[in-house]
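Listed in order, the protein sequences are those of chains A and B. Be aware that the first sequence starts at 4, since it is given in my numbering, and climbs by one per residue. Be aware that the second sequence starts at 4, since it is given in my numbering, and climbs by one per residue.
Read the hints as simulated data drawn from the structure, not as lab findings. You can take every hint at face value.
Pairs count within a copy or across copies, as identical chains cannot be separated in the list.
Mimicking DSSO-like on lysine-lysine, the simulated pairs with C-alpha atoms at most 30 angstroms apart in a straight line are:
#1 Lys-393 <-> Lys-203
#2 Lys-249 <-> Lys-203
#3 Lys-548 <-> Lys-400
#4 Lys-548 <-> Lys-436
#5 Lys-436 <-> Lys-394
#6 Lys-548 <-> Lys-393
#7 Lys-436 <-> Lys-400
#8 Lys-394 <-> Lys-548
Number of protein chains: 2
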Amino acid sequence: MLNHLRGYLPILDWGRTYDRNAFSNDMMAAVIVTIMLIPQSLAYALLAGLPPEAGIYASILPIILYAIFGTSRALAVGPVAVVSLLTASAVGQVAEAGTAGYAVAALTLAFLSGGFLVLLGVLRLGFLANFLSHPVIAGFITASGILIAFSQLKHLLGVSAHGHTLPELLLSIGAHLGETNFITVIIGVTATAFLFWVRKGLKPTLRRYGASPKLADVLTKAGPVAAVAVTTISVWLFGLNENGVKIVGDVPQGLPPLTLPGLSPDLIGQLLMPAILISIIGFVESVSVAQTLAAKKRQRIDPDQELIGLGAANIGAALTGGYPVTGGFARSVVNYDAGAETPAAGAFTAVGLAIAAVALTPLVYFLPTATLAATIVVAVLSLVDFSILKKTWGYSKADFTAVSATILLTLTMGVEVGVASGVAISILLHLYKTSRPHVAEIGLVPGTQHFRNIHRHSVETDPTVLSLRVDESLYFVNARFLEDLVQARVSEGCAIKNVILMFSAVNEVDFSALESLEAINLRLTELGIGLHLSEVKGPVMDRLKSTHFLHALNGRVFLSQYDAWRAMVPPADIDKAAE
Amino acid sequence: MLNHLRGYLPILDWGRTYDRNAFSNDMMAAVIVTIMLIPQSLAYALLAGLPPEAGIYASILPIILYAIFGTSRALAVGPVAVVSLLTASAVGQVAEAGTAGYAVAALTLAFLSGGFLVLLGVLRLGFLANFLSHPVIAGFITASGILIAFSQLKHLLGVSAHGHTLPELLLSIGAHLGETNFITVIIGVTATAFLFWVRKGLKPTLRRYGASPKLADVLTKAGPVAAVAVTTISVWLFGLNENGVKIVGDVPQGLPPLTLPGLSPDLIGQLLMPAILISIIGFVESVSVAQTLAAKKRQRIDPDQELIGLGAANIGAALTGGYPVTGGFARSVVNYDAGAETPAAGAFTAVGLAIAAVALTPLVYFLPTATLAATIVVAVLSLVDFSILKKTWGYSKADFTAVSATILLTLTMGVEVGVASGVAISILLHLYKTSRPHVAEIGLVPGTQHFRNIHRHSVETDPTVLSLRVDESLYFVNARFLEDLVQARVSEGCAIKNVILMFSAVNEVDFSALESLEAINLRLTELGIGLHLSEVKGPVMDRLKSTHFLHALNGRVFLSQYDAWRAMVPPADIDKAAE
Chain A
4 MLNHLRGYLP
14 ILDWGRTYDR
24 NAFSNDMMAA
34 VIVTIMLIPQ
44 SLAYALLAGL
54 PPEAGIYASI
64 LPIILYAIFG
74 TSRALAVGPV
84 AVVSLLTASA
94 VGQVAEAGTA
104 GYAVAALTLA
114 FLSGGFLVLL
124 GVLRLGFLAN
134 FLSHPVIAGF
144 ITASGILIAF
154 SQLKHLLGVS
164 AHGHTLPELL
174 LSIGAHLGET
184 NFITVIIGVT
194 ATAFLFWVRK
204 GLKPTLRRYG
214 ASPKLADVLT
224 KAGPVAAVAV
234 TTISVWLFGL
244 NENGVKIVGD
254 VPQGLPPLTL
264 PGLSPDLIGQ
274 LLMPAILISI
284 IGFVESVSVA
294 QTLAAKKRQR
304 IDPDQELIGL
314 GAANIGAALT
324 GGYPVTGGFA
334 RSVVNYDAGA
344 ETPAAGAFTA
354 VGLAIAAVAL
364 TPLVYFLPTA
374 TLAATIVVAV
384 LSLVDFSILK
394 KTWGYSKADF
404 TAVSATILLT
414 LTMGVEVGVA
424 SGVAISILLH
434 LYKTSRPHVA
444 EIGLVPGTQH
454 FRNIHRHSVE
464 TDPTVLSLRV
474 DESLYFVNAR
484 FLEDLVQARV
494 SEGCAIKNVI
504 LMFSAVNEVD
514 FSALESLEAI
524 NLRLTELGIG
534 LHLSEVKGPV
544 MDRLKSTHFL
554 HALNGRVFLS
564 QYDAWRAMVP
574 PADIDKAAE
Chain B
4 MLNHLRGYLP
14 ILDWGRTYDR
24 NAFSNDMMAA
34 VIVTIMLIPQ
44 SLAYALLAGL
54 PPEAGIYASI
64 LPIILYAIFG
74 TSRALAVGPV
84 AVVSLLTASA
94 VGQVAEAGTA
104 GYAVAALTLA
114 FLSGGFLVLL
124 GVLRLGFLAN
134 FLSHPVIAGF
144 ITASGILIAF
154 SQLKHLLGVS
164 AHGHTLPELL
174 LSIGAHLGET
184 NFITVIIGVT
194 ATAFLFWVRK
204 GLKPTLRRYG
214 ASPKLADVLT
224 KAGPVAAVAV
234 TTISVWLFGL
244 NENGVKIVGD
254 VPQGLPPLTL
264 PGLSPDLIGQ
274 LLMPAILISI
284 IGFVESVSVA
294 QTLAAKKRQR
304 IDPDQELIGL
314 GAANIGAALT
324 GGYPVTGGFA
334 RSVVNYDAGA
344 ETPAAGAFTA
354 VGLAIAAVAL
364 TPLVYFLPTA
374 TLAATIVVAV
384 LSLVDFSILK
394 KTWGYSKADF
404 TAVSATILLT
414 LTMGVEVGVA
424 SGVAISILLH
434 LYKTSRPHVA
444 EIGLVPGTQH
454 FRNIHRHSVE
464 TDPTVLSLRV
474 DESLYFVNAR
484 FLEDLVQARV
494 SEGCAIKNVI
504 LMFSAVNEVD
514 FSALESLEAI
524 NLRLTELGIG
534 LHLSEVKGPV
544 MDRLKSTHFL
554 HALNGRVFLS
564 QYDAWRAMVP
574 PADIDKAAE
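Pulled out of the complex, with its shape left as it was, chain A reads as follows (with noise of 0.2 angstroms):
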């Protein structure tokens, strides 16, 4: 019973023997990572259309519940820039950014992501975000990342724009140019470099003067921090907001309010499939973390009890203000670099967060929205990686293909398209690849019982007998294609009396394959041609067993193709096929 319920609460496993080192560790990294998360938090909520402190109330309940259920000990949960756009691209369809109905879809865009992890965990469904393959990810993210680095343009030039896609931003913000506010542009372009500055010349210039290393790495991890306030600052002494700087404003100071999400028909309607993308989207992207993560110290995470804590996580988001959230990325990676040894270090930071939510939002008023910008900007630069391009390119065109429309598509016709026609790309492109499957003639190499192409390696033939080795599963796609091939191979070789098809790479026979071969078997036996198997799998003989194919075969189903081959040309015939 325990050890069932140890199942679902992984928390009763590391909770057992947590001790006074594994907590400073946690404190410590909680520590750092709050500094990070309090500027991370507002600006990734500006990305998504929502008011700064639904980025906080999103870092803080999600984080406890994830600690709770969650498989991943490194792990850190919240908004992350490519969720976010997702968001904003979702609930952009059904509301108005800045009205309360914008706020409410975001809710139950949360809540029915929430949903559909927990039920992807309880029904063990984790492997279908294996269907988004490594390059469609790559892909997807460098695209999303550029899109989200032109978002925040508009931000940074002080102007007002719009658009989900690159096109559309581009338009929006040539229309708006004029409204440009050069006092905006100085605070963004200053903060841009400077963050750049901070996250590349930073630490070696900090060692250069004798810091220590962790003191190195705390105060780099602090520069986000540290460009907030020196521009609250400026923004406050010369009263930049009265020149059209455009800053946060207003944050209510408190706890995260109990919210109820929107659950009419009509909003589920519009939202259940945006929801289930960033689901499958946010699940991949933490999985991959979190794998990651935890290979580095031989830990292994579960990923059907990973959907169950990201899903309660974000069931949490949407009953405190907050809005869909996954494992990110940079996050998890600065919380297992300062030490975070258990998912405690996660409560730590939510309660640090809940503290900022209490007694820091007044101090963000004059927070220029260009800073956040340039935090967004810094951060998601760091995703565009176009090697998959290249890598790809070498390897297989199939791949090329699937990367370079999901990247042309998320750009140009925005995030949900540009994913699930990556998906279907894919899938198309691996449906196309075996419905014109390889099939090789195949002969003896000589001196072994090995059977290789003849057009790639020097073997023993028979005249009289074919070989074919299919590779590939016969189903419905590729059914009529075999038939079409023995056809074509027979009528060209007069001398033919035995086809034998070697099965090694049939991993499946389906139904209307089935009905393919009864239709090769009949028409090899009206022209007088023996027709055999080998090497047929002990799953596809068991299904071909309750059929009466194997009756009706004119010919035999041997063990290996060696067995076939001797059956068909005597030892002394093969020693004259040698000559």
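Please build the complex by placing chain B on the supplied structure of chain A, with the hints as guidance.
Chain B in isolation, oriented as in the chain A frame:
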């Protein structure tokens, strides 16, 4: 040049050798088919929701165009039941039946469908039809037959009802049951019973009374004409149309008119998907009939050229007042049985129907629609065949699921949803199966060089070597599965020093799977375990050679599993293991 042209114009082939004998055979077949087609064409037009003459028009120019471009010698092209139903369902969504807009939309549907077929043919994409698996087709035809029979019930009862799904039809007929016209019921039931008897009992009766087989055959084919004549005369004599019996009424007299399909972007947008669906279903039906008939005479048809023939026929239908057509099963079999030798038989049929359109249409003024409905019901009930459920249940639950879903969804949600779901479910079930591939642990079959599953065969193994035969291509859907599986197996067996992955059934390794193989290699290297591959196929090896995976691989790639085994387990050890 002429050869190239002949590829696109099969008429140049058979036209050169056409003689008197072929002419008289073709002529005879044409007479029989014409007699059969007159009532059938009127009836199918009724089913499609179009005026009766549309059925005749759809059989004239299309037949001639198919005779020029098609490759089958016996296929008879024209309106068929399933495509008529699909037309009613598609056009019913954009216009009201009986309006001018409805007829124009039907032309558009034929035009789009024809254009799509020609496009597929020119691009040689006939294999796309393979995505419809045999069981899905069988289920779809059965469900369509039931739907069509129920859609004719209103004509047999003389009530007005509508609907495109079984529940809709039943509810609608139930609500209008009070309007039942009893004279219509008598005509409908008598005609149905008579036609069933003609189909089953007439030929033996005639033969018993000494009729020659040929005469018996012709008289049987003329059964529907007799039913049409008798019921028409009855209505005329007794003025039954004044007692509420619905009749065909005025049918324009003359050759098919020249018509232009509506090509507004809006209409095209609404009809494109249905047109694609109709094209593919029509093509699949047509090709199966043509292939069956060609095989009987050892002729061959060219599926890609068939696309062009059917496409031309549909464009012809769109330009001459028709609606989507395809090669029909019943009419083609009749044509073949009646001795048609070349496509000229089709051209003669077209002439017969043109004469009917010019001269005979006034004769059908008093024809009751109930008689046409009876013709349809008797024709389609022969399509209904549930045996596919039993056959697939015994062979493969996945195929059974696809058939049942196709039947259920076609009946309850309509033809388009039904067939689209059938295709989608087949593909998803296939992907699901490949997502959790069969992986067998293998050992050496004693006295051979052949390796088999240790759980199915008595084989030699060695505790330090783990040999796994992966029974599936490795691609994104199952990439992580292998990673997890190898990790789990290795953590079970502590003595394992080497892992051999036998790739005889791996037909593809895509980019995602390549990354997984790299991850497996990395993890095994850390554990001090060797990773080896065996029996990697040519095409897969070509790919891998272009990557740095083979350099990173800590073990070797062996030509055969036996070579790999011998390299790790010296003969002496084998003897010991065998003891």
